[in-house]
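Please construct the entire structure, taking both the sequences and the accompanying hints into account.
The listed protein sequences derive, respectively, from chains A and B.
In this text, residue positions in the first sequence follow numbering that gives the first Met the number 0: the first is 0, and each later residue adds one.
In this text, residue positions in the second sequence follow numbering that gives the first Met the number 0: the first is 0, and each later residue adds one.
Hints in this document: simulated from the structure, not taken from any laboratory.
Using C-beta positions, here's what the derived DEER-type ranges look like:
| no. | chain 1 | residue 1 | chain 2 | residue 2 | range |
| --- | --- | --- | --- | --- | --- |
| 1 | A | Q65 | B | A595 | 49 to 57 angstroms |
| 2 | A | S51 | B | G56 | 36 to 44 angstroms |
| 3 | A | E94 | B | E13 | 52 to 60 angstroms |
| 4 | B | E4 | A | Q83 | 23 to 31 angstroms |
| 5 | B | K654 | A | M103 | 34 to 42 angstroms |
| 6 | B | G309 | A | S51 | 27 to 35 angstroms |
| 7 | B | M317 | A | K31 | 32 to 40 angstroms |
| 8 | B | N39 | A | S166 | 54 to 62 angstroms |
| 9 | B | M392 | A | S51 | 37 to 45 angstroms |
The calculated lysine-lysine pairs, modelled on BS3-like cross-linking and capped at a C-alpha distance of 30 angstroms, are:
| no. | chain 1 | residue 1 | chain 2 | residue 2 |
| --- | --- | --- | --- | --- |
| 10 | A | K31 | B | K646 |
| 11 | B | K617 | A | K31 |
| 12 | B | K591 | B | K604 |
| 13 | B | K401 | B | K441 |
| 14 | B | K521 | B | K646 |
| 15 | B | K604 | A | K31 |
| 16 | B | K383 | B | K530 |
| 17 | A | K63 | B | K654 |
| 18 | A | K63 | B | K604 |
Covered stretches of chain B, going by a simulated chain A footprint (3 or more residues, C-beta under 8 angstroms):
| no. | region |
| --- | --- |
| 19 | 646 to 654 |
| 20 | 668 to 676 |
Only a predicted model underlies this, so the values are computations on that prediction, with no experimental measurement involved.
In this text, a Cβ means the ideal position worked out from N, Cα and C, and glycines have one as well.
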Amino acid sequence: MANNKEFLTFKIGREQFAVDILRVQEIRGWEKPNPLPSVPPFVKGVVDLRGSVVPIVDLRERFKLQASYDATTVVIVVHVLTSQGERVVGIVVDEVSDVQSFDMDSLQPAPDISTEISSQFILGLATVGETQRTAEGDDNRKASTNNMVILVDLDRLISEGIIDEISQNGHMPLGNG
Amino acid sequence: MDMMETFRQTYLEESFEGLDVMENGLLNLPPGIPDNEKINEIFRAAHSIKGGSGTFGFTEIAGFTHVLETLLDEMRDGRREVTQDSIDAMLAAVDVLRDMLERLQEHQPIDEQRAGEVQAWMENILGASSEAAGQDASAEPEAVGGTWKIDMIPEAELLQTGNEPIRIFRELETLGDLKVTANTEKLPEIHAFNPEHVYLSWTLELEGEEVNEEAIREVFEWIDGDGAEIHIHPPQKSETPVAEAAPAQPSADVSETAPAVAEQPKQETAAAPAQKTSAKAKAVADKGHKAEGSIRVDLSKIDQLVNLVGELVITQSMLSQFGEQAEDGESNTNTDWVDKLKEGLTHLERHTRELQESVMNIRMLPVSFAFNRMPRIVHDVSQKLGKKIDLVMEGEGTELDKTMLEQLTDPLVHIVRNSIDHGVEMPAIRAEKGKPETGTVKMAAFHQGGNILIQITDDGAGIDHERIEQKAIEKGVIDAEHHLTRDEIIDLIFHPGFSTAEQISDISGRGVGMDVVRRNIKGLGGSVDVKTEKGVGSVFTIRLPLTLAILDGQLCTVGSQTYVFPLVSIIESIQVDKSLVKGIAGETELYKLRDAYIPVIRLHKKLGVHDAQEDLEKGLLVVVEDGGQRAGIFVDDLLGQQQVVIKSLESNFMKIDGIAGATILGDGTVSLILDVTETLSNHNKGSGAQLSAA
Numbered sequence: 000m001a002n003n004k005e006f007l008t009f010k011i012g013r014e015q016f017a018v019d020i021l022r023v024q025e026i027r028g029w030e031k032p033n034p035l036p037s038v039p040p041f042v043k044g045v046v047d048l049r050g051s052v053v054p055i056v057d058l059r060e061r062f063k064l065q066a067s068y069d070a071t072t073v074v075i076v077v078h079v080l081t082s083q084g085e086r087v088v089g090i091v092v093d094e095v096s097d098v099q100s101f102d103m104d105s106l107q108p109a110p111d112i113s114t115e116i117s118s119q120f121i122l123g124l125a126t127v128g129e130t131q132r133t134a135e136g137d138d139n140r141k142a143s144t145n146n147m148v149i150l151v152d153l154d155r156l157i158s159e160g161i162i163d164e165i166s167q168n169g170h171m172p173l174g175n176g
Numbered sequence: 000m001d002m003m004e005t006f007r008q009t010y011l012e013e014s015f016e017g018l019d020v021m022e023n024g025l026l027n028l029p030p031g032i033p034d035n036e037k038i039n040e041i042f043r044a045a046h047s048i049k050g051g052s053g054t055f056g057f058t059e060i061a062g063f064t065h066v067l068e069t070l071l072d073e074m075r076d077g078r079r080e081v082t083q084d085s086i087d088a089m090l091a092a093v094d095v096l097r098d099m100l101e102r103l104q105e106h107q108p109i110d111e112q113r114a115g116e117v118q119a120w121m122e123n124i125l126g127a128s129s130e131a132a133g134q135d136a137s138a139e140p141e142a143v144g145g146t147w148k149i150d151m152i153p154e155a156e157l158l159q160t161g162n163e164p165i166r167i168f169r170e171l172e173t174l175g176d177l178k179v180t181a182n183t184e185k186l187p188e189i190h191a192f193n194p195e196h197v198y199l200s201w202t203l204e205l206e207g208e209e210v211n212e213e214a215i216r217e218v219f220e221w222i223d224g225d226g227a228e229i230h231i232h233p234p235q236k237s238e239t240p241v242a243e244a245a246p247a248q249p250s251a252d253v254s255e256t257a258p259a260v261a262e263q264p265k266q267e268t269a270a271a272p273a274q275k276t277s278a279k280a281k282a283v284a285d286k287g288h289k290a291e292g293s294i295r296v297d298l299s300k301i302d303q304l305v306n307l308v309g310e311l312v313i314t315q316s317m318l319s320q321f322g323e324q325a326e327d328g329e330s331n332t333n334t335d336w337v338d339k340l341k342e343g344l345t346h347l348e349r350h351t352r353e354l355q356e357s358v359m360n361i362r363m364l365p366v367s368f369a370f371n372r373m374p375r376i377v378h379d380v381s382q383k384l385g386k387k388i389d390l391v392m393e394g395e396g397t398e399l400d401k402t403m404l405e406q407l408t409d410p411l412v413h414i415v416r417n418s419i420d421h422g423v424e425m426p427a428i429r430a431e432k433g434k435p436e437t438g439t440v441k442m443a444a445f446h447q448g449g450n451i452l453i454q455i456t457d458d459g460a461g462i463d464h465e466r467i468e469q470k471a472i473e474k475g476v477i478d479a480e481h482h483l484t485r486d487e488i489i490d491l492i493f494h495p496g497f498s499t500a501e502q503i504s505d506i507s508g509r510g511v512g513m514d515v516v517r518r519n520i521k522g523l524g525g526s527v528d529v530k531t532e533k534g535v536g537s538v539f540t541i542r543l544p545l546t547l548a549i550l551d552g553q554l555c556t557v558g559s560q561t562y563v564f565p566l567v568s569i570i571e572s573i574q575v576d577k578s579l580v581k582g583i584a585g586e587t588e589l590y591k592l593r594d595a596y597i598p599v600i601r602l603h604k605k606l607g608v609h610d611a612q613e614d615l616e617k618g619l620l621v622v623v624e625d626g627g628q629r630a631g632i633f634v635d636d637l638l639g640q641q642q643v644v645i646k647s648l649e650s651n652f653m654k655i656d657g658i659a660g661a662t663i664l665g666d667g668t669v670s671l672i673l674d675v676t677e678t679l680s681n682h683n684k685g686s687g688a689q690l691s692a693a
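Structure representation (structure tokens):
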């Protein structure tokens, strides 16, 4: 039996990403968070999420992509497991697409090439199902990246790719006196 | 968690409490004629630990506690004097038990070696006395060895009283080789058989060196004459030579093994301090894990909560009634309406505040929780060092947040050990100096302002600042040409890697102590400092916030952002007179506040806020103090003061320098709480200039 898992797919720029649906707590519209000092620009700040203070990270800026805030900009609130325990983090993406099921056994490994998204944060690559392909098949766009979905390893991305990175690189020196 | 696990957890919790009772009892037990009241208390605690452990199948604990119990029992019956050695042995046993229980809690195997050593120690004490008893008091013939015969004839209802013969047999098996013969004579025909009745009786043959009547009686304690008839037949006369020879044997053992056993713990600690530290480090880690456990709350506190919730419900219904009136348009006709609404809101506010206080109160425990460990430590350490110490405790009833209390215990232990090790002098030296031979260590807890203070005072030698200075220069902690004041030099004892102990002992002096103490206490949002006078003594003062979760805050704005200052650190707020601002080396600004110069910290620069007021005269300077150091923090404007609930940034993100946490304001926005201590120390590091407030 195929080892199927459901993922929430979302768009950053022209690329499709996906995160494990079980990790998604909720999807919120973008609202400007309260900024934090001494953090890199991709940490947009913190918001109050029913009594707990949740950091908002812009994945687009983390991946060095263009970030603009408009009507479809959304925040996906996810649970991640780090070495320090469970954390709730909001990630900013361009647009949320769909919930799709992927066969975990037929994922393709991420190519080990140097990109902004290091391959260690990627569970694998998948191609979207038939229905979607026919729908987009008529499209005039050259369907090269359109039908590829990048499955993100949220735990590693948030803990190693974001939190550890900030602590290792030290805090951004912000004017002394 | 299944049912058994729940019971197990309860058993463990109760056992830990029992151990505390035993430890306290033992420490208050004077050598000499036994005080029955106290011994009884210790005995009861030991007995319930043993009972529970048997039920849960923790046979090691049951066996171990049994020896301890026997010892106590003999003291209770006045057959044995309380000696310092036996108290020490029993204290060691309490430690072993605590260790066993902790390991059980974590599902780890038990350290049998240590348990064996302590058990042998106690058995030696027991052996020595049974020999003595055999010699001078033949009234109590303690026949040891040989085959004991026991007839056990239970009443039919034995099982209904919750007693299980198999458990009893198992218990007997721990004493020696057991042979059980069941007597089936009374078994009825199958149709007359009541499954809840016992029809069997047993003849038991028990053989072993350590068997004595008392031990057997104890096994049957619950059912003897109350559910079953028990007849115990001592070994046959023909075997008496064996029985007589037996006591001689342990006595020979005593002389050989007793010193070895007594020395073993010492050797161990001396030979492997490193190992001990690692074990300790583990214990600390474990503690963090345990901190998530349950809490016992005074029933009155719960009652108070229930009452308050009741009040809150009444207020709520009152307010919703007003809401309905407003809908009906009554509010226009009824002039009292607004007044009543206001009154209702006042009630609501009061109840909410009281409710908040009561809920916080649940987390509060008396300091005695942490203080209670101290008598034991003082006892152990002073004995090891040959010093005489009186421990005085005051204000044990002062309440502190539970989490805080748990993390406070280790620093407290460390300070007390230090006071005894480095502070209080040896009795001879004290006598020479005209002090009483017995030194005093006083621990006091009390409220002061918005803080809780814990002071550890000793009347020892005090801290020699010249020696600290010398050591610090030797170790390169400071330059020979430093400009530190005496107090600043003494403060160096909190510096990492600094220890003045001439000889490294396993009590203190590894140089990893006081800096950890300070770090731990800082982690709790508190501070620690020391005042000392050579030859007179030292006072360590730990200052802690009342609770971790709520803070009196002063709101301020910087640009479009709102930040919160902890109110306790604010001295005053002033408008800036530009003529009093002096610059040093361009970047650093100083402000002349009356007759002192204080550094000016521009908060908008620290926090990277771009739309803030930059003109000093148009904003405000908040003068804050931390650790004796003052600074003026420049903000745009001050808003109101309010209590804020501290939310951790680390729980979902990470620690940010200069920020103590976040809070959620009434309008739902998040506001950051400034960490004044960090802001000040960062500023000093950053500016590179040593600024001492004149």
